[in-house]
Amino acid sequence: MLGMDSNAALIGKAMDGSMSAWERLVKRHERLVYNYTYRMTGHADDAADLMQEVFFAVFRNLHQFRADGNFKSWLLRIASNRSIDFHRRKRPDQDANDEALEIVVDNMPRPDEALNRNETRRLVMRLLEILNHDQRIVIELKFFQQMTFDDIARDLSISSNTVKSRFYAAIRHLKSHMEVADVAN
Amino acid sequence: MSQIEFQNMLEKYLDQELSKNERATFEKMLRENSEWAAEFHTAERLKNMANQWRDIEVPNWNRMPHSLKPPSLWRTWLNWLPLAMGTALMLAVLFNVQVSRTTDGFTFTFGNAGIKQEQLDAIEAKFNDQVKLIKKEHSQQLTYALNDFAAEQDASIEQAILDYDNQSRTLRRSEYNELLAGWRKQRDLDLQVISNRYHDLYDASLETRNGLITLAQYVKK
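Top line first, the protein sequences correspond to chains A and B.
Per our numbering, residue 1 is the first one in the first sequence, and the count goes up by one each step.
Per our numbering, residue 186 is the first one in the second sequence, and the count goes up by one each step.
No lab work stands behind these hints: they were computed from the structure.
Glycine residues also receive a C-beta, built at the ideal position from the N, C-alpha and C atoms.
No incorrect hints appear here.
Partner residues aside, some chain A positions facing chain B, computed with beta carbon under 10 Å:
hint, residue
1, Trp22
2, Glu30
3, Arg31
4, Asn35
5, Arg39
6, Val124
7, Thr148
8, Ala170
9, Ile171
10, Arg172
11, Leu174
A few chain B residues that don't get close to chain A, going by computed Cβ distances all over 10 Å:
hint, residue
12, Leu203
13, Lys321
14, Asp333
A short list of chain B residues far from chain A (calculated; beta carbon distances all over 12 Å):
hint, residue
15, Asn206
16, Trp262
17, Met270
18, Ala277
19, Gln283
20, Lys311
21, Phe312
22, Lys317
23, Leu331
24, Asn351
25, Asn362
26, Asp373
27, Ile379
28, Gln402
Please take these sequences and the hints and turn them into a complete structure.
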């Protein structure tokens, strides 16, 4: 029954000093966080660094987690905030990478064309690279984490209107690139 | 249909909250506006790509970094060592700590320590002299002040007596003059009465003498 411990139970044990409980909690969520950070940074090394920062922040703030709360939601909130800090610190001048456009055009499949895993991943990463970090995080939370606009607004501590504004700006931005790619293909 | 309505429908679509009727309205909306249709297809393709995303395997990493482990006791003390040494050095400078080597070993002295007893005695004697001098000066100053005060008070009292005396004398002189004037007036009145009486008596005696003379002449005859 050890593997069936709830997140709250593992958190309680980790707070009591159980390192194995902490390790199990991390293993349970590291894939989610790593893929999130990978999409946010676009680099495996940066993603690993950011994931480590996220879990470090989680560890330090375990006492703030409410037992009746949603751990995944709380974890993503921390990941979002860490991601924003990481982006500001790491790549302050690399928003909206226009160089990615050419690669997107080259790799963009036709709408009816089926993609394999690697192609999908590569294309997603190229598309996300086009966006600035604010837009990227909204797209990530909306499509990959399937959150509502209100939840995204709460997690990012911004208004729902701001979230929608960033979302539609991202959509319009991507639309123009996809149209170029569709024409090229 | 407005842009806001389109966005509301798109949000509902993405959250899978469109009813059958709303879905039909939305599809009609997309057929009538190519711009909105393009935005919808972009969102739709992103959604599909997100669904097709297959998670990347997490690389090996240290889930228990050293910073998360409870630090050992000696490391805790070691962390405090620079701060403790810095504080000690600051205090040493602040309190002028000196270390001297004597025959008995090392001696730590603080502040002005290290001055010999004779010097301390001399300083104390000097201090006492100064205290005495100050006391003496203060005493003299106090005496002068008291004397000045007394002299001032005496002069003031003397002047007050003189003023009072002058006032009394003037008053008495005035009373005396009044009394003298009254007495003189009464004396004049009394003299007048006496004078009148004398004249009356003189006249009576004269009349008597004249009668006697007349009688004598008559007898002689």
